[in-house]
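A.B. asks: Chain order of the listed sequences is A and B.
1 is the number of the first residue of the first sequence in my numbering; add one for each residue after it.
1 is the number of the first residue of the second sequence in my numbering; add one for each residue after it.
Worth flagging that the hints you see were computed from the coordinates, not collected in a lab.
Take these hints with a grain of salt, some might be off.
[Unchecked claim] Lysine to any residue pairs mimicking SDA-like chemistry, simulated, CA-CA at most 25 Å apart:
(1) A:K45 / A:D161
(2) A:K81 / B:E88
(3) A:K81 / B:N431
(4) A:K110 / A:D161
(5) A:K81 / B:I363
[Said to hold, decoys possible] Over 10 Å on every C-beta distance to chain B, these chain A residues come out as not near it, computed from the model:
(6) G37
(7) Y52
(8) L54
(9) D61
(10) K76
(11) L86
(12) S89
(13) M99
(14) S113
(15) F156
(16) N189
(17) R193
(18) E208
(19) G212
Just so it is clear, CB atoms sit at the ideal spot from N, CA and C, and this is done for glycine as well.
Here is how the chains run, residue by residue.
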Amino acid sequence: MKKLYAFILSFLVLFLTACSEPTNHSRAVYMLLDTSGTYTKQLEKAQGIVRYLLGVLNSGDSLALARVDSASFSEKDIVAKVTFDLRPSQANAQKRAFMEVMDKFAAEVKGSSYTDITGGMLQAIEYLNETGAGEKHILIFSDLKEEIKKGHIRDFPIPFDGVKVVALNVTKLHSDNVDPREYMERVDNWSKRVEDGGGSWRVINDLERLSGLLE
Amino acid sequence: MVSNIWNFWTPDQPVLSAIIWVVLIIAVMYMARTPAHQAIFTITHSFRNALRLMGRSIMLAEAKLGRRNSEVLLAHGREATERYIEREFQRVEELVSRDLSGYPSLQRDLKEQITRIDEDYVQSGEVPPQPPEWLKAIQAVAEIPSTGSPVVAKILSDIHGTLKKSMDKNVNEYRNANKERHNLLKRMMPYWRSLTKILTSVEKKITGLETRSNIIDEQMDRYEKIMEKTDYAERMLSSSSLTQFFISGFVLFIATIGGYVNFQLVALPMSEMVGAGSYLGSVRSSDVAALFIIAIEVTLGLFLMESIGVTRLFPVISTLDDRKRKIIIWVTFSFLFVFASIESSLAYMRDMLASDREALTQILSGVEVVEPAFRWIPSVGQMVMGFILPFALTFVAIPLESFIHSSRTVFGLVLIWLLHMLSFVIRLAGNLINGLGRFLVSVYDLVIFFPLRIEQLIKSKKTEGGHGTDKSMEPSHAVTE
């Protein structure tokens, strides 16, 4: 019934909006995967998220998968990236290829010594801005514990203008169990950093509830 | 602030001050009674008159709209009846040219049949056998007195033999003649049957013509009533129009659902052609393209129906000569056929895309991809549906025409009803305002009832002292409406 209304209304909408400013409906998603230490064991969950994203993204949307390692502000850390073809048949083929790359990466990934989340975020923003998409999402699959290599400077504001950041599967570390304030402080710090930069921040730990992931 | 005003006269005694105020107000109101009444009546009368004027204007508009609606209704009814009568005359003409044009040959056939029957009948007539001429001579010989002569006996015996032979021969001849007659009568049977058949056929044709003439009579009667602009004709047409409006609306609703199904068949594969990521406003370009195709198909259907003469939405087409109309028919039909073929292929493409998507979804959810059995059945079904629906949508023209024609009358009736209600509400408001004015005057008098009563008493005493009892309760300077 909803579709029937849409069918009838689309006639009206067509005439009403034909002369209006063009709206950018495309979406771009940049997914950061933490590959530090024991977090590589969580990659199966990340594979599930990527599969979900491949299911919901449409023609014209972009998707990139990158890892967070010791120095993540680099194109080399992008595992796979794609802008889906405008033809649905081609887009489906691209999705299959992307999934194969993801599976291969999950099978061969090695843990990194440091966790440069800020660098990964900067790289993500750069990629998202290049796509020119109407909606920009960064999904970070990490425990949010940043460990920067000595000499790397990362304590500066990041411009998150219009970017929606979602932290996924933010696991509690052993030390968090000793002092939960550490966990809350970690999450709050990132939340503040993103919102100060003009973005929005959300945390989804229950991966069974992914339906609102790209809202 | 208000309490300060109330305490104006005696600040220490608010009750006394309030009493002084009340007395003063009543005194002022008593003195200003006439102009106050006049002011109230002037305001309320002005409003009432304005509303009455407005109500009258609306009633005039309603009446005008009613007349216009009636004219439209009658004109449409007249046109419809003319078309009906025209069609009946065409049928009669067809009947006459098809059946009665062969009437001379039919008559000839009939004559031939009758002639043959007549001839056979004449031939089958029974002719009584003539007695032989020599019977009298034999009778004379037979009357010769027998004298016991053997010669005479022999002669008589011979005569008897001869007679017997002659009789036998006659009987045989008679039997043969009868046989021949029966054969002739038997031969008449097919002629009779043929004759009966021809006459039955003539009867049927004549009956068909009679039925048509009865229908024409009925329609002519209806047409005359419409031309006379009788109330009965108007009521009849109005009722018919309402029925048409609801029936055609219902059919159009079904057609819209058909259009939606058609849209679903075309929209997804169109994204393969125009791209799924492009938008026109907030609507996908592929959806717009699909809608465009459906709209074109419906338009072609309208032109086709118009050219065939089923509908009369475009006078330009209906007034074209037959040759041009035939060209339009073939052109629109060809385009429709091409569009139906395109849609059929798009429906097949949709099925392919849907199955590809389904397979991808299965892979993404980690399920092994299984090709369902009899996968070809929905594919063929969708292709057939894609081919048929454009032609089915062609028939939308018929309910659309009825809907457009009947909606003029129905919307006219609704508008008349709304104007009538508006007029009623305005007149009611005018009367209520008038009543409010009277009510305010009564309330005014109620407030100053005390001085009024005193005035009344003084007046009645004066009247008693002078001209007798005056039972008028109305004060001297009361304002009448």
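A.B. asks: Now tell me if each hint is right for this structure.
C.D. replies: Here's how the hints hold up against the structure:
About 28 Å separates the Cα atoms of K45 of chain A and D161 of chain A, which puts this hinted pair outside 25 Å; it is violated. Distance check on the hinted pair: K81 of chain A and E88 of chain B sit about 74 Å apart at the alpha-carbon level, beyond 25 Å; violated. Proposed proximity of K81 of chain A and N431 of chain B is contradicted: the alpha carbons are some 78 Å apart, above 25 Å. Between K110 of chain A and D161 of chain A, the direct Cα distance comes to roughly 33 Å. Violation of the 25 Å bound is thereby established for this hinted pair.
Distance hint between K81 of chain A and I363 of chain B is fulfilled; the C-alpha atoms sit about 20 Å from each other, no more than 25 Å. Once the 10 Å rule is applied to beta carbons, G37 of chain A is consistent with being away from chain B; the minimum gap is 27 Å. With a least CB separation of 8 Å from chain B, Y52 of chain A falls inside the 10 Å interface cut-off, contrary to its annotation. The non-interface label for L54 of chain A is inconsistent with chain B: the shortest C-beta to C-beta separation is roughly 6 Å, within 10 Å.
Not every CB of chain B lies more than 10 Å from the CB of D61 of chain A, the least distance being 8 Å, so the non-interface label is violated. Residue placement check: K76 of chain A keeps its beta carbon more than 10 Å from all beta carbons of chain B (closest about 27 Å). At roughly 3 Å, the least C-beta separation between L86 of chain A and chain B is not larger than 10 Å, which violates its mark as non-interface. Residue placement check: S89 of chain A does not keep its beta carbon more than 10 Å from all beta carbons of chain B (closest about 6 Å).
Taking the minimum C-beta to C-beta distance to chain B, about 7 Å, the non-interface status of M99 of chain A is violated against the 10 Å cut. Non-interface status of S113 of chain A relative to chain B is upheld: no Cβ of that chain comes within 10 Å, the nearest being about 33 Å off. A cut-off of 10 Å between C-beta atoms confirms that F156 of chain A is not in contact with chain B; the least separation is 35 Å. No Cβ of chain B comes within 10 Å of the Cβ of N189 of chain A; the nearest lies about 34 Å off, and the non-interface call holds.
No Cβ of chain B comes within 10 Å of the Cβ of R193 of chain A; the nearest lies about 32 Å off, and the non-interface call holds. The beta carbon of E208 of chain A is kept farther than 10 Å from every beta carbon of chain B, the shortest such distance being approximately 14 Å. The non-interface label for G212 of chain A is consistent with chain B: the shortest C-beta to C-beta separation is roughly 18 Å, beyond 10 Å.
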